Amino acid sequence: MEEQIKRAVRNLNISYVFFWVFPAFLLGAGEFELFPVGGLVDNAPAIYYFETVGILLTALCVPLSLKLFSMVLKKKIDHMTITLALKRYVQWSIVRLGVLEVAIVVNLLCYYLTLSSTGNLCMLIGLTASLFCLPSEKRLRNELHIAKEEKL
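Note that the sequence shown ends on residue 152 in this note's numbering; no numbers are left out.
Label pairs and their in silico Cβ distance ranges:
1) Leu134 with Val102: 15 to 21 Å
2) Glu3 with Leu64: 29 to 35 Å
3) Glu2 with Met71: 27 to 33 Å
4) Leu64 with Leu134: 14 to 20 Å
5) Leu64 with Lys138: 21 to 27 Å
6) Ala29 with Ile146: 39 to 45 Å
7) Arg10 with Val41: 40 to 46 Å
8) Ala29 with Glu149: 43 to 49 Å
9) Glu2 with Phe22: 28 to 34 Å
10) Val41 with Lys74: 43 to 49 Å
Subject to a maximum C-alpha distance of 30 Å in a straight line, what follows is the list of computed DSBU-like cross-link-like pairs (lysine-lysine):
11) Lys76 with Lys138
12) Lys67 with Lys138
13) Lys138 with Lys6
14) Lys148 with Lys6
15) Lys148 with Lys138
16) Lys87 with Lys76
17) Lys74 with Lys6
18) Lys87 with Lys74
19) Lys148 with Lys74
What the hints contain is simulated information worked out from the structure, not anything from laboratory work.
This one's a predicted model, so the numbers in the text were calculated from it and none came from an experiment.
For every residue, glycine included, the Cβ atom is placed at its ideal position computed from N, Cα and C.
Turn these sequences into a full structure, and let the hints steer you where they fit.
Written as structure tokens, this is what we have:
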């Protein structure tokens, strides 16, 4: 079982690193103007819609990713066997990061297309929320109620 826990934590850490690498890649692409930066600056209705979608998406995705995971953990994962619970825990953790990633990427694109700081602020809110999803073995054991086995 210890090997399964270590594998689950390793998979969570890998997904968390990719979660941060993709926005960093988009930031670099935007700074090197690999996609059209400021393409919608003169279009006031487009700025309004992009900002509104970004704000609403952030306001929806951040609580959804944090609260939905705890609800699924309590209602479904707690009642499974340890092996299945570990698999579902990893899957739902990746889903949670994916929900946050959608909000972050949309707001990042909103920032570069409209050059409005609203997208940048919402992106930072999403990235800050991801710090509450930081994977660790201690957290996994606490959330799945797994005691650490003593070595003799």
